[in-house]
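S.K.: Below are the chains, spelled out letter by letter.
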Amino acid sequence: MKHLVSVEQLERADIERICDRAASFAEVADREIKKVPALRGRTVLNLFYEASTRTRSSFELAAKRLSADVVNFSASGSSVEKGESLKDTILTLGAHKPDAIVIRTPWAGAAELVSGWTPAAVVNAGDGKHEHPTQALLDVHTLRQRLGGLDGLNIWIVGDVLHSRVARSNIMAFQKMGARVTLAGPPTLIPRGIEALGCEIRYTLDDLGQADVVYALRMQHERMTESWVPSLREYAAWYQINGRRLGAKQVLMHPGPVNRGVELSAEVVDSPQAVITAQVAAGVVVRMAVLYEVLAHVPTEARTPEGVPA
Amino acid sequence: MDHEKVVLDEDDMRRTLVRIAHEIVERNDEPDRLAIVGIHRRGAILARRIHALLIDLLEREVPIGDLDISFYRDDVGRRAEQPTIHASHVDFELDGRTIVLVDDVLFTGRTVRSAIEALFSYGRPAKVQLAVLADRGHRELPIRPDYVGKNLPTSRSERVNVHVEELDQVDEVRITELSEVTA
Chain L
1113 MKHLVSVEQL ERADIERICD RAASFAEVAD REIKKVPALR GRTVLNLFYE ASTRTRSSFE
1173 LAAKRLSADV VNFSASGSSV EKGESLKDTI LTLGAHKPDA IVIRTPWAGA AELVSGWTPA
1233 AVVNAGDGKH EHPTQALLDV HTLRQRLGGL DGLNIWIVGD VLHSRVARSN IMAFQKMGAR
1293 VTLAGPPTLI PRGIEALGCE IRYTLDDLGQ ADVVYALRMQ HERMTESWVP SLREYAAWYQ
1353 INGRRLGAKQ VLMHPGPVNR GVELSAEVVD SPQAVITAQV AAGVVVRMAV LYEVLAHVPT
1413 EARTPEGVPA
Chain Y
2 MDHEKVVLDE DDMRRTLVRI AHEIVERNDE PDRLAIVGIH RRGAILARRI HALLIDLLER
62 EVPIGDLDIS FYRDDVGRRA EQPTIHASHV DFELDGRTIV LVDDVLFTGR TVRSAIEALF
122 SYGRPAKVQL AVLADRGHRE LPIRPDYVGK NLPTSRSERV NVHVEELDQV DEVRITELSE
182 VTA
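In the order they appear, the protein sequences are chains L and Y. Residue numbers for the first sequence follow my numbering, so the first one is 1113 and each next one is one higher. Residue numbers for the second sequence follow my numbering, so the first one is 2 and each next one is one higher.
Just so you know, these hints were derived from the structure itself, not from any lab. From the three backbone atoms N, C-alpha and C, an ideal C-beta is built for every residue, glycine too. Accuracy of the hints is not assured; some may be wrong.
Stated by the list, open to error - Selected chain L positions facing chain Y (Cβ under 10 Å, derived; list incomplete):
#	residue
1	Arg-1129
2	Ala-1135
3	Ala-1138
4	Glu-1144
5	Lys-1147
6	Leu-1151
7	Arg-1152
Unchecked claim - To list a few chain Y residues with every Cβ distance to chain L over 12 Å, as calculated:
#	residue
8	Asp-12
9	Glu-31
10	Leu-58
11	Arg-61
12	Ala-127
13	Pro-146
As the list claims (entries may be wrong) - Here are the simulated DSBU-like cross-link-like pairs (lysine-lysine), alpha carbons at most 35 Å apart as the crow flies:
#	chain 1	residue 1	chain 2	residue 2
14	L	Lys-1147	Y	Lys-128
15	L	Lys-1241	L	Lys-1288
16	L	Lys-1146	Y	Lys-128
17	L	Lys-1176	Y	Lys-128
Given only the sequences and the hints, what does the whole structure look like? Please build it.
M.R.: This is how it looks when you write it as C-alpha cells:
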C-alpha cells in the first residue's frame, strides 16, 4: 500500500493485517527500550493544518518508535499564514525529501490531492469532514483486543455524525469487519442519504439496549456554524450516554476529546465499560503499523526523487 | 522428475537436536546463566524442543524466549511481500546471561545479525551463541554458528526447507532445486 488516504481503499484483509501488526508492536511499548530500527533513515513529515493533540503526538511517537526521523510542521506561524497554497507548501517541503507525509487539513479530499503532488507516502490524519482512517483502524484494533472480533457486533454511533470524519471512516471500517452499524442522533446532525453506506438510522436512543458497542461522537462546537441543536443542555437530555442509558455489558467508545456532561456523563467516562484510554494507547501502535505498511512498500528509487514531484 | 531430496528425516532431526542440547550443556559450565531464544517461526519451534531437552539434562528451569526480527531487517522497502509478523517474547532478564539463539537454517547471516540487534534491545547478554539445525553456507556477514546440526553444502539455486511437525505435519529437512520451486 503506497498511501493511506481513506478506509474506502482498504479490504478487510488489509485492516486485519494492520491490526495484527499493531498487536505485535504493542510489545515494543512494554520494553525498556521502546524502539525498533524498522524505519531507520526514513523521514516522516507531520503536516498539521488543524489543532490536534492525540493524533499528532501519536503519529510522532509512532514514527520515533520505528526509528524514523520526524519533522513537525504546523500551519500557524508558517508560510501558510503568508498565503502559500497547499500545493506550493507540499512542493517546498518535498524538497526536504520526506519518505512519508502525515497530513491533517480542514479540507475534504486534501490528502488524496497531496498524494498526487509528492512521491512520498501520504497518510491521511483527518481531512475536513471526509475521513480519518487511522482513527477507524485504531477503533477496530481496540474492539478486536477487547471483544476478539467485530463479526456480528451491533455498533451504535451516537451524536454529531454530520460534522464527523471519524463517523464516516468508522462506518466503513466496522462494516468491512462484519459489524452492523446504526447511526443515532438528532435529525439535524444525521446527514441526508448516509444510509446509502448500509447503516440504519435512529433519531432516539430508545433501542440503545440492542447495541453491543456504543460509539459516542463529540459535539463539535468548532465546526458548527449554525444552530444544529436548540442547546447543548437539550442535546444532553435527549442523547447523552449516561448510566441510565448504558447497559452493564455494553462497550463505550469515544474518539476524544470528551465533552464531559454533554455527549457523555462523567460516570460513564470513568466506568469500566469505557475503552477510551485503550483507544488512545491503540493510536500509537496502529499508527506504527500504518507507517510501516506504507513505508515498507515504497521502492528505493521512489524514496529519493529528483526534480519536481509527479 | 523430482528434484527434492530429504537430507534429514524425523529420527535424524531428533538425534541432531539431542546432540545440540548435549553440546550446549558441555560448553556452558554455568547453567544458571543459560537461556534459549528462538527466531520466528521455525527457529522458535526448534528452540522449544532444545529447551525441553536442556531441562531434562540440567534438571533445572532454563528461561526461553522467541524473537521476530522483521523490524530489525535492513531490507525494509526492498521486499515485494510484507512479512507476517509475530510478537516477540523475552520475558526474562538478559543482562549477564549466555543466550543461545536458535534458527532453522543459517544462510547469508543477515537474519542472525538482525536477531542479535533485536536481542540487544531487550538487554545486554554476557554471551550470545548460535545454534542452527542446518548450515547451508553462502555467508555474506562474518557470522559463525557455535552448534550446527548438519552442514549442507548447497548451491544458490537450491533451497533448504525445514519442516516441523507443529506447522508442516512432518519433521524433515529437504533440499529443493530452485528452478523447480519457481517453475
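S.K.: The structure should be examined with respect to each hint, and the outcome stated for every one.
M.R.: Structure-based check of all given hints:
Given the 10 Å rule on beta carbons, the hint for Arg-1129(L) holds: about 8 Å separates it from the nearest Cβ of chain Y. A distance limit of 10 Å between C-beta atoms decides the matter here; for Ala-1135(L) the minimum to chain Y is near 7 Å, and the interface restraint holds. Nearest Cβ of chain Y to the Cβ of Ala-1138(L): about 8 Å, under the 10 Å cut. The hint holds. A least Cβ separation of about 8 Å between Glu-1144(L) and chain Y falls short of the 10 Å threshold, and the interface hint therefore holds.
For Lys-1147(L), the suggested interface contact is upheld, since its CB lies about 7 Å from the closest CB of chain Y, less than 10 Å. Because the closest C-beta pair between Leu-1151(L) and chain Y is about 7 Å apart, less than 10 Å, the hint holds. The restraint placing Arg-1152(L) at the interface with chain Y holds, with a minimum CB-CB distance near 9 Å, inside the 10 Å limit. Listed as a non-interface residue, Asp-12(Y) keeps its Cβ farther than 12 Å from every Cβ of chain L; the least gap is roughly 35 Å.
The Cβ of Glu-31(Y) sits about 24 Å from the closest Cβ of chain L, beyond the 12 Å cut-off, so the non-interface label holds. No beta-carbon of chain L is positioned within 12 Å of the beta-carbon of Leu-58(Y); the least distance is around 30 Å. Annotated as non-interface, Arg-61(Y) keeps its C-beta farther than 12 Å from every C-beta of chain L; the closest such distance is 27 Å. Look at Ala-127(Y): its CB is around 18 Å from the nearest CB on chain L, clear of 12 Å, so calling it non-interface holds up.
With a minimum CB-CB distance of about 24 Å to chain L, Pro-146(Y) clears the 12 Å threshold, and the non-interface call stands. Under the criterion of a C-alpha separation no larger than 35 Å, the hint pairing Lys-1147(L) with Lys-128(Y) is consistent with the structure, at around 22 Å. Proximity of Lys-1241(L) to Lys-1288(L) is assessed by CA-CA distance (about 20 Å); at most 35 Å being required, the pair is judged to hold. The suggested pairing of Lys-1146(L) with Lys-128(Y) holds, with an alpha-carbon distance near 23 Å, which does not exceed 35 Å.
Using a Cα cut-off of 35 Å, the hinted pair Lys-1176(L) and Lys-128(Y) holds, with the two alpha carbons roughly 29 Å apart.
Going down the numbered hints, you'll see the structure goes against none, and every one checks out.
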